[in-house]
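Chemist: So the chains spell out like this:
There are 2 protein chains.
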Amino acid sequence: MENLILDGRKVAQSIKNQLVERVQVLKEKGVTPCLATILVGDDPSSATYVKMKGNECEKIGIKSLRIHLPKETETIELLETIQKLNEDASVHGILLQHPVPSHIDERKAFETISIEKDVDGVTSFGYGQTALGFGKYPSCTPAAIMSILHFYQIPIEGKHAVVIGRSPILGKPVSALLLNENATVTTCHSRTTNLSEVVRLGDIVVAAVGKPKFIQGDWIKQGAVVLDAGYNKGNIGDVDYDACSEKASAITPVPGGVGPVTISMLLKHTVDAAEETISKH
Amino acid sequence: MENLILDGRKVAQSIKNQLVERVQVLKEKGVTPCLATILVGDDPSSATYVKMKGNECEKIGIKSLRIHLPKETETIELLETIQKLNEDASVHGILLQHPVPSHIDERKAFETISIEKDVDGVTSFGYGQTALGFGKYPSCTPAAIMSILHFYQIPIEGKHAVVIGRSPILGKPVSALLLNENATVTTCHSRTTNLSEVVRLGDIVVAAVGKPKFIQGDWIKQGAVVLDAGYNKGNIGDVDYDACSEKASAITPVPGGVGPVTISMLLKHTVDAAEETISKH
Chain A
39 MENLILDGRK
49 VAQSIKNQLV
59 ERVQVLKEKG
69 VTPCLATILV
79 GDDPSSATYV
89 KMKGNECEKI
99 GIKSLRIHLP
109 KETETIELLE
119 TIQKLNEDAS
129 VHGILLQHPV
139 PSHIDERKAF
149 ETISIEKDVD
159 GVTSFGYGQT
169 ALGFGKYPSC
179 TPAAIMSILH
189 FYQIPIEGKH
199 AVVIGRSPIL
209 GKPVSALLLN
219 ENATVTTCHS
229 RTTNLSEVVR
239 LGDIVVAAVG
249 KPKFIQGDWI
259 KQGAVVLDAG
269 YNKGNIGDVD
279 YDACSEKASA
289 ITPVPGGVGP
299 VTISMLLKHT
309 VDAAEETISK
319 H
Chain B
39 MENLILDGRK
49 VAQSIKNQLV
59 ERVQVLKEKG
69 VTPCLATILV
79 GDDPSSATYV
89 KMKGNECEKI
99 GIKSLRIHLP
109 KETETIELLE
119 TIQKLNEDAS
129 VHGILLQHPV
139 PSHIDERKAF
149 ETISIEKDVD
159 GVTSFGYGQT
169 ALGFGKYPSC
179 TPAAIMSILH
189 FYQIPIEGKH
199 AVVIGRSPIL
209 GKPVSALLLN
219 ENATVTTCHS
229 RTTNLSEVVR
239 LGDIVVAAVG
249 KPKFIQGDWI
259 KQGAVVLDAG
269 YNKGNIGDVD
279 YDACSEKASA
289 ITPVPGGVGP
299 VTISMLLKHT
309 VDAAEETISK
319 H
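As you go down the protein sequences, you meet chains A and B in turn. Counting from 1 along the first sequence, just add 38 to a position and that's the residue number in this note's numbering. Counting from 1 along the second sequence, just add 38 to a position and that's the residue number in this note's numbering.
Some clues are possibly wrong.
For each label pair, taking beta carbons as the anchor points, the in silico distance ranges come out as [unchecked claim]:
1) B/Lys-89 with A/Thr-70: 28 to 34 Å
2) A/Glu-66 with B/His-188: 58 to 64 Å
3) A/Glu-66 with B/Thr-86: 56 to 62 Å
4) B/Glu-125 with A/Glu-118: 24 to 30 Å
5) B/Asn-41 with A/Gln-191: 56 to 62 Å
If you want the ones that stay clear, here's a sample from chain A, every Cβ over 10 Å from chain B, calculated [said to hold, decoys possible]:
6) Val-63
7) Phe-189
8) Thr-315
Derived from the structure by calculation, the hints contain no laboratory data. Cβ atoms here follow ideal geometry from the backbone N, Cα and C, with glycine treated the same way.
Just chain A, same shape as in the assembly (with noise of 0.2 Å):
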């Protein structure tokens, strides 16, 4: 069956080209948009993400304020980081790169945000303000398979969304963001029984597992959607993609899928934000 390669890059450099512009508006009016990247500690790939979305705001005209902190940082110490940038006026929006050390409390920093600068979608009211349907930025993973399925014009309204996986920053907010657009949304985990009979009920299937190849050819249903934002060692994906897209009537690739929208939805959100505190003036 000859199916849709839903392509990211050509998401991302939609989005990308919009932005553009407003970032040019905005340095008109004097702002200039910037993100605050944390990155504590010495993770390779964890450097190389917080590198790459650096780079890509600077592309657009975004600037990227980087802070790194040694791997022996405290609690307390990234707390005071984290509230010098919320009360910065020149920093827009504020992204603390995940993971942290695991001696960190990873989840009071992110909740420490503020509402206003949490581009990436991390703190608590945020994805409340998210899910109750009035939320600013929600997470940039479900923001991108969104806006994939926007770019794309595929029906979201009353078809059966079955989402794998139930992270704060991933599985959740997208069942959220999916259920808003009118979705019927079955949520799956670890804990689901028959995961595979579940997953054949979805006309769209957002694979957010973590785990390479996880989502197998003959638990997909004839002519579903499928979006992968799994993204595993080795650029592979949660789902298997070759089975899988013998059956479905559309799929993101990986590479090339919802990860480069992600980075996208981060400078979007920036600018966003950037935006707010004008009007607010």
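With the hints as your guide, set chain B onto chain A.
Modeler: For chain B alone, kept in the frame of chain A given last:
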């Protein structure tokens, strides 16, 4: 088939018995738990609900501070009233009776309630904390449903729970609570296609639609547990009780099911909040 009638009055009594002792201890420490209720306008059923809540408080020794504002009250005046209660250290919980007159921004009013006093679980912040698994005061009806399941030791983990309804204080939070206790959760609503088929997936079915006798007997899988959070005119639930109880292994009646437990959760949260003020000192 002989089935188990989930007796909400029994669950509520068990909760209230514990609260009487806890209130006693608080009073010995010089703290009288206090719930402030705000009623805006003269809707007779709202007036009845608020009165009932206040009376239930007093029965177990919680102070009931009853504020009645005229129906012409403007949003800003309501916000000021809430703000004063937020600042009043003798008040431990704040309940704004829904619905307020339509000219008032109810969401804004709810959001003004401080998280420490949001014992009715109406703020987006409280919702987010609940959904992410560390909320102190989930909305009372969802909390009541979980209490009934716990009281009757009904297994939740790995079960497929189907919630019909997605309101901010009922369908969404009960979905979140069931998910956090390891159910696979499907949330349905007015745009769900093939609703009867989806409901038939449920090992646990929660009806939160607000339409009398909406859930039909042939929608219920043999042996499912049915919880009716509906409370429609004339004491009628959302579930066609007679038809559904022929299929269900356990079911809540209306009245005498979820309703009484809901009020006891409000009392419990108020006592919890009063205890929190002591543990902070």
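Chemist: All hints, please: hold or fail.
Modeler: Verification of the hints:
no., hint, result
1, B/Lys-89 with A/Thr-70: 28 to 34 Å, "violated, 57 Å"
2, A/Glu-66 with B/His-188: 58 to 64 Å, "holds, 59 Å"
3, A/Glu-66 with B/Thr-86: 56 to 62 Å, "holds, 59 Å"
4, B/Glu-125 with A/Glu-118: 24 to 30 Å, "holds, 27 Å"
5, B/Asn-41 with A/Gln-191: 56 to 62 Å, "violated, 47 Å"
6, Val-63, "holds, 30 Å"
7, Phe-189, "holds, 22 Å"
8, Thr-315, "holds, 21 Å"
Of the numbered hints listed earlier, those contradicted by the structure are 1, 5.
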